[in-house]
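Taking the hints into account, I'd like the entire structure generated from these sequences.
Position 125 (the sequence shown) corresponds to 124 in numbering that gives the first Met the number 0; numbering is contiguous.
These aren't lab readings, by the way, just hints derived from the structure by calculation. Treat the hints loosely; a few may be bogus.
Here are the computed lysine to any residue pairs in the SDA-like style, where the Cα-Cα straight-line distance is at most 25 angstroms [unchecked claim]:
#  : residue 1 : residue 2
1  : Lys79     : Lys127
2  : Lys86     : Ser31
3  : Lys267    : Lys293
4  : Lys127    : Pro137
5  : Lys293    : Leu25
6  : Lys225    : Ile213
7  : Lys79     : Leu247
8  : Lys87     : Leu265
9  : Lys79     : Leu16
10 : Lys87     : Ser31
11 : Lys127    : Gln290
12 : Lys267    : Gly95
13 : Lys184    : His130
14 : Lys89     : Ser236
15 : Lys89     : Leu25
16 : Lys293    : Met58
17 : Lys86     : Leu25
18 : Lys127    : Asn18
19 : Lys267    : Leu195
20 : Lys293    : Phe119
21 : Lys293    : His55
22 : Lys267    : Ser56
23 : Lys87     : Thr8
24 : Lys127    : Thr243
25 : Lys79     : Asp173
26 : Lys79     : Val90
27 : Lys267    : Met196
28 : Lys86     : Thr8
29 : Lys267    : Ser200
30 : Lys79     : Ser239
31 : Lys79     : Leu29
32 : Lys225    : Ser236
33 : Lys89     : Leu171
34 : Lys89     : Asn18
35 : Lys225    : Leu235
36 : Lys79     : Pro137
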Amino acid sequence: MKRVNHSVTSEFVFLGLTNSWNIQLLLFLLSSVLYVATMMGNCLIIFTVASDPHLHSPMYFLLSNLSFIDIGISSATSPKMIYDLFKKNKVISFRGCIIQIFFVHAIGGVEMVLLIAMAFDRYVAICKPLHYLTMMSPQMCIFFLITAWVVGLMHSVIQLVFIVNLPLCGQLLDSFYCDLPQFIKLACLDTYRLELMVSISSGFMSVAFFFILIISYIVIIFTVLKHSSSGSYKALSTLSAHVTVVVLFFGPAIFFYTWPSSATHLDKFLALFDAVVTPFLNPVIYTLRNQEMKMAMRRVFRHLMGYRQIS
Numbered sequence: 000m001k002r003v004n005h006s007v008t009s010e011f012v013f014l015g016l017t018n019s020w021n022i023q024l025l026l027f028l029l030s031s032v033l034y035v036a037t038m039m040g041n042c043l044i045i046f047t048v049a050s051d052p053h054l055h056s057p058m059y060f061l062l063s064n065l066s067f068i069d070i071g072i073s074s075a076t077s078p079k080m081i082y083d084l085f086k087k088n089k090v091i092s093f094r095g096c097i098i099q100i101f102f103v104h105a106i107g108g109v110e111m112v113l114l115i116a117m118a119f120d121r122y123v124a125i126c127k128p129l130h131y132l133t134m135m136s137p138q139m140c141i142f143f144l145i146t147a148w149v150v151g152l153m154h155s156v157i158q159l160v161f162i163v164n165l166p167l168c169g170q171l172l173d174s175f176y177c178d179l180p181q182f183i184k185l186a187c188l189d190t191y192r193l194e195l196m197v198s199i200s201s202g203f204m205s206v207a208f209f210f211i212l213i214i215s216y217i218v219i220i221f222t223v224l225k226h227s228s229s230g231s232y233k234a235l236s237t238l239s240a241h242v243t244v245v246v247l248f249f250g251p252a253i254f255f256y257t258w259p260s261s262a263t264h265l266d267k268f269l270a271l272f273d274a275v276v277t278p279f280l281n282p283v284i285y286t287l288r289n290q291e292m293k294m295a296m297r298r299v300f301r302h303l304m305g306y307r308q309i310s
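The following block contains the structure:
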């Protein structure tokens, strides 16, 4: 049966976002610009954090890893979507579809844990400042990073085990990239248990992590408000940036995976927002709301310009 599945369904056809040529052109221009800006913005954050000694701290270490993840999650979906916009047959192989699902969920799982780590970093910095260097040691940062990748990879692999050998009775995916809810709908059997598995593994995980983060930030904000000082505005500005990123990331994820069988017109819009817009907004939010990051970027830019003039 395994060989039959792969021979009968060797490829899938995306229905895409729209059939309107004008909207396709607009999406092509918008998606291309945002994808390039996402790559440049996140690479700039990684380069700035690595180059500037003032940013060699746990918060910016985690931020640079989040930027790396945003590059990955955008690259897993956007290039294929942009390439397919004007193609009549938007085709992806069975193997390519499975690989895309793997990367989307692995990288998504990593980002969830990194956002938890960033919330913990801010909690320690604001609520337990005297213990910050001990609790957020380099070893703890590496532990968070390893844990994030282990959780992300395990989360993705466990879900793929349930679907990779499904008997499939269709090839049309009502989306512009492969994901579990659309893939499961093509199965030739009752999908209730599989949809329940997606709701529990991805949906419950998203909801649980989201509420943990929101409660954590509420505690931190109350702590900041209790201790009014010159650093309160800076702390609140940083926290507001973190909360904005959390909402942008978890909002679509909760919608997709809590009710995986639902099919509404909002699905594709949120999928496009999650794949194209959110990875672009993350570096914008963290740089525009962070004076230290902007100053570091200016220092790096001046250093590069000075080095270029000397050479």
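Hint check:
no.: 1; hint: Lys79 - Lys127; in the structure: 45 angstroms, violated
no.: 2; hint: Lys86 - Ser31; in the structure: 16 angstroms, holds
no.: 3; hint: Lys267 - Lys293; in the structure: 34 angstroms, violated
no.: 4; hint: Lys127 - Pro137; in the structure: 17 angstroms, holds
no.: 5; hint: Lys293 - Leu25; in the structure: 31 angstroms, violated
no.: 6; hint: Lys225 - Ile213; in the structure: 18 angstroms, holds
no.: 7; hint: Lys79 - Leu247; in the structure: 22 angstroms, holds
no.: 8; hint: Lys87 - Leu265; in the structure: 23 angstroms, holds
no.: 9; hint: Lys79 - Leu16; in the structure: 13 angstroms, holds
no.: 10; hint: Lys87 - Ser31; in the structure: 19 angstroms, holds
no.: 11; hint: Lys127 - Gln290; in the structure: 23 angstroms, holds
no.: 12; hint: Lys267 - Gly95; in the structure: 20 angstroms, holds
no.: 13; hint: Lys184 - His130; in the structure: 50 angstroms, violated
no.: 14; hint: Lys89 - Ser236; in the structure: 43 angstroms, violated
no.: 15; hint: Lys89 - Leu25; in the structure: 18 angstroms, holds
no.: 16; hint: Lys293 - Met58; in the structure: 15 angstroms, holds
no.: 17; hint: Lys86 - Leu25; in the structure: 15 angstroms, holds
no.: 18; hint: Lys127 - Asn18; in the structure: 55 angstroms, violated
no.: 19; hint: Lys267 - Leu195; in the structure: 21 angstroms, holds
no.: 20; hint: Lys293 - Phe119; in the structure: 23 angstroms, holds
no.: 21; hint: Lys293 - His55; in the structure: 15 angstroms, holds
no.: 22; hint: Lys267 - Ser56; in the structure: 38 angstroms, violated
no.: 23; hint: Lys87 - Thr8; in the structure: 19 angstroms, holds
no.: 24; hint: Lys127 - Thr243; in the structure: 23 angstroms, holds
no.: 25; hint: Lys79 - Asp173; in the structure: 15 angstroms, holds
no.: 26; hint: Lys79 - Val90; in the structure: 10 angstroms, holds
no.: 27; hint: Lys267 - Met196; in the structure: 22 angstroms, holds
no.: 28; hint: Lys86 - Thr8; in the structure: 21 angstroms, holds
no.: 29; hint: Lys267 - Ser200; in the structure: 22 angstroms, holds
no.: 30; hint: Lys79 - Ser239; in the structure: 33 angstroms, violated
no.: 31; hint: Lys79 - Leu29; in the structure: 15 angstroms, holds
no.: 32; hint: Lys225 - Ser236; in the structure: 16 angstroms, holds
no.: 33; hint: Lys89 - Leu171; in the structure: 10 angstroms, holds
no.: 34; hint: Lys89 - Asn18; in the structure: 12 angstroms, holds
no.: 35; hint: Lys225 - Leu235; in the structure: 12 angstroms, holds
no.: 36; hint: Lys79 - Pro137; in the structure: 37 angstroms, violated
The structure is inconsistent with the numbered hints 1, 3, 5, 13, 14, 18, 22, 30 and 36, although it conforms to all the rest.
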